[in-house]
Amino acid sequence: MSIIKGDFIDNLPKVYGLYTGGFVVFILLMAVLEQMGLGADTIGILFVAFTVLIYAAIGWLSRTMQVDAYYVAGRQVPAVFNGMATAADWMSGASFVALAGGIYFGGHGYMAFIVGWTGGYVLVASLMAPYLRKFGCYTVPDFIGTRYGGNLARFLAVLVLVIASFTYVTAQINATGTIAARALQIPFEVGVWFGLLGILLCSMLGGMRAVTWTQVAQYIVLIIAYVVPVVWMSNKQGFGLIPQFVYGDAIMRIGELETALGVGAKPATAVAGLKALTVPYYEAGTTFAAKWKFVTLVFCMMAGTASLPHILMRYFTTPSVKAARQSVAWSLFFIFLLYFTAPALATFTKLQLLDPTLATSIIGKSIAEVNALDWVQKWSAVKFLAIADANGDGILQVTEFFMRGDIVVLATPEIAGLPYVISGLVAAGGMAAAMSTADGLLLAIANALSHDLYYKIIDPKADTKTRLVVARVLLIFIGAAGAFVASLKLTSILGAVAWAFDFAMSGLFFPLVLGIWWKRANRPGAIAGMFFGLLAGTLYLYAVRWGGMEPWLYIDHLRFGVIGAAVSLVAMVVVSLATAEPDEETQRMVDEVRIPKGKTILDSTH
Amino acid sequence: MDQSTRESHWAKTKGLMITTLIIWFIFSYLVHWFADSLNNATFLGFPLGFYMSAQGSLIIFVVLIFWFARRQHSIDVEHGAAEDD
Numbered sequence: 001m002s003i004i005k006g007d008f009i010d011n012l013p014k015v016y017g018l019y020t021g022g023f024v025v026f027i028l029l030m031a032v033l034e035q036m037g038l039g040a041d042t043i044g045i046l047f048v049a050f051t052v053l054i055y056a057a058i059g060w061l062s063r064t065m066q067v068d069a070y071y072v073a074g075r076q077v078p079a080v081f082n083g084m085a086t087a088a089d090w091m092s093g094a095s096f097v098a099l100a101g102g103i104y105f106g107g108h109g110y111m112a113f114i115v116g117w118t119g120g121y122v123l124v125a126s127l128m129a130p131y132l133r134k135f136g137c138y139t140v141p142d143f144i145g146t147r148y149g150g151n152l153a154r155f156l157a158v159l160v161l162v163i164a165s166f167t168y169v170t171a172q173i174n175a176t177g178t179i180a181a182r183a184l185q186i187p188f189e190v191g192v193w194f195g196l197l198g199i200l201l202c203s204m205l206g207g208m209r210a211v212t213w214t215q216v217a218q219y220i221v222l223i224i225a226y227v228v229p230v231v232w233m234s235n236k237q238g239f240g241l242i243p244q245f246v247y248g249d250a251i252m253r254i255g256e257l258e259t260a261l262g263v264g265a266k267p268a269t270a271v272a273g274l275k276a277l278t279v280p281y282y283e284a285g286t287t288f289a290a291k292w293k294f295v296t297l298v299f300c301m302m303a304g305t306a307s308l309p310h311i312l313m314r315y316f317t318t319p320s321v322k323a324a325r326q327s328v329a330w331s332l333f334f335i336f337l338l339y340f341t342a343p344a345l346a347t348f349t350k351l352q353l354l355d356p357t358l359a360t361s362i363i364g365k366s367i368a369e370v371n372a373l374d375w376v377q378k379w380s381a382v383k384f385l386a387i388a389d390a391n392g393d394g395i396l397q398v399t400e401f402f403m404r405g406d407i408v409v410l411a412t413p414e415i416a417g418l419p420y421v422i423s424g425l426v427a428a429g430g431m432a433a434a435m436s437t438a439d440g441l442l443l444a445i446a447n448a449l450s451h452d453l454y455y456k457i458i459d460p461k462a463d464t465k466t467r468l469v470v471a472r473v474l475l476i477f478i479g480a481a482g483a484f485v486a487s488l489k490l491t492s493i494l495g496a497v498a499w500a501f502d503f504a505m506s507g508l509f510f511p512l513v514l515g516i517w518w519k520r521a522n523r524p525g526a527i528a529g530m531f532f533g534l535l536a537g538t539l540y541l542y543a544v545r546w547g548g549m550e551p552w553l554y555i556d557h558l559r560f561g562v563i564g565a566a567v568s569l570v571a572m573v574v575v576s577l578a579t580a581e582p583d584e585e586t587q588r589m590v591d592e593v594r595i596p597k598g599k600t601i602l603d604s605t606h
Numbered sequence: 607m608d609q610s611t612r613e614s615h616w617a618k619t620k621g622l623m624i625t626t627l628i629i630w631f632i633f634s635y636l637v638h639w640f641a642d643s644l645n646n647a648t649f650l651g652f653p654l655g656f657y658m659s660a661q662g663s664l665i666i667f668v669v670l671i672f673w674f675a676r677r678q679h680s681i682d683v684e685h686g687a688a689e690d691d
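Protein chains in written order, with this note's numbering: chain H, 1 to 606; chain L, 607 to 691.
If you are wondering where the hints come from, they were derived from the structure by calculation, not from laboratory data.
Accuracy of the hints is not assured; some may be wrong.
[To be verified] Pairs of lysine-lysine residues, derived as BS3-like cross-links and limited to a Cα-Cα distance of at most 27 Å, are as follows:
1) L:Lys618 to H:Lys519
2) H:Lys378 to H:Lys365
3) H:Lys597 to L:Lys620
[Claimed, not checked] Part of the chain L face toward chain H, derived, beta carbon under 10 Å:
4) Ser614
5) His615
6) Leu622
7) Leu644
8) Gly651
9) Phe656
10) Phe667
11) Glu689
[Unchecked claim] Covered, in the sense of this in silico footprint (three residues per stretch, anywhere, with C-beta under 8 Å from a C-beta of chain H), are these stretches of chain L:
12) 628-636
13) 673-684
By construction, the Cβ of each residue, glycine as well, lies at the ideal position given by its N, Cα and C atoms.
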């Protein structure tokens, strides 16, 4: 308890400065040990085990039995540090492992994710975060329940939160399992439970306070792990130390190579789970359909960002409304550091594989030569890539090389011939990204169930101790349920992640925005908005994904939030206007939310 | 706070929100709608349409939120609505 007190907050830069220095020393130590002959497997184990142990230690030091410390970290997290914590909360295993691969294969069309997952923060800053902070709620349903009143509104908000966050969290536990399994050489099913154990150690004893300080630590690991290999590789290829601004030439060169190599032709064979490169890199769609798909995906990811409870609740922890606003800006800055590196990484990887003037290239080489490469053998063995000589000429064509997108992040250090210590670092970074997001999501679910469902609806007389015990029991229970679903391997990582955004925006976007910006919004309206939004979105998802329905206006299963949110808006406005306006007390509450000055609407312990 | 100060504070807050969202709309949707034409131009050696989605829009979003936070704070101070620290 002694470390995390007043003093600790004053000493944050020093504490995390030392931590970062310690981590760099650890990397250097591993590099030295590698030179001395330590095996690659041992290095991978040490990287993952060492970092997870540190997070667990922070979780232990942050344990608490106070309600406001457990739910909102005592509202004393400075803007910059909350920004780092939010960035870690935000950047999931999917961002870390799959984003660059998605760009590699999807080209410009995939960039909609990059634009959507950053621009959403403009909505968070201008429409939501400062006002929710002024409200003083512990959870997102806490706002809905108090603003609109009544248990039904609160319950529906809990329902949307659980559906969206649970969809998301299984993907994260899946990612921690995959990384733990690879790094620690254990079966995936065991890896999933190991990952869950690490996640619970970070969050169970200290709730939001523990999650905050581990997420800051995890951000530092994940950003170092993402940027260092890219900088190293770019330096090796002669693009200098800040590759993000100078890879334009590489993109142009890829454009020329793609024409020469015939990228765009369909492969003659197919390999399950793997893809060949078929989409030109930087060319943007010229048809209405392509443009429309781009902007609708951007819209879903943005509105989803502004509705996801595990992100919004991070801004409940700042000391003031002003700090909440600044914190959104810092969050996006820290997220930006990774998101503007991902396209650079995808570009360098692509150039390395395609450009015949580089020693690392494989396209156009003889298949025997490619099959002899270490990294090709290693990743073929785990079925992450495959080579099929469709035309039997013994030369590898672009349509004959299949891989999984994840390889771009996971195998690039090996492709570029970087030492193994970098691969270990990347594993630790992926683990940090997946764990930090899983922590935030699990806490969002458990807090909503313990605070809103148990305390506010079921047993309002429960004492502090019971409430916090219930919160922890729920955390374990939900985590176990998530790990169980993940161990069944039902969904691929990214499909599920996009759905979480669509669910959140279908049910919560308009009830949250209008609760602040439209005084006339009332309880029946909010209930209709959440209920019909969620219902319409879910039915539409079912119809296009499994029901065999033709998507309406190219709105496919990744974009079903467009339908959900539109229905939610109409239902909420129509029902609000058809019923009585909210009472005077509620209207005064909305007036107070709009002014930063003065006491929060809800007490600091409620 | 009296009613007229409240109203003027909220009017300015709304104005700032609308300005912010107009800029947001341009760089979230409009620019990318014309990505194919923008790709004919280059910026720092990048095809411009690709550049905007990989970097340009992102930088503008970061700057926009920092600017928004500063503007909103000065609106609050002007109306005596800022928190005391």
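Which constraints among the numbered hints does this structure fail? Numbers only, ascending.
4
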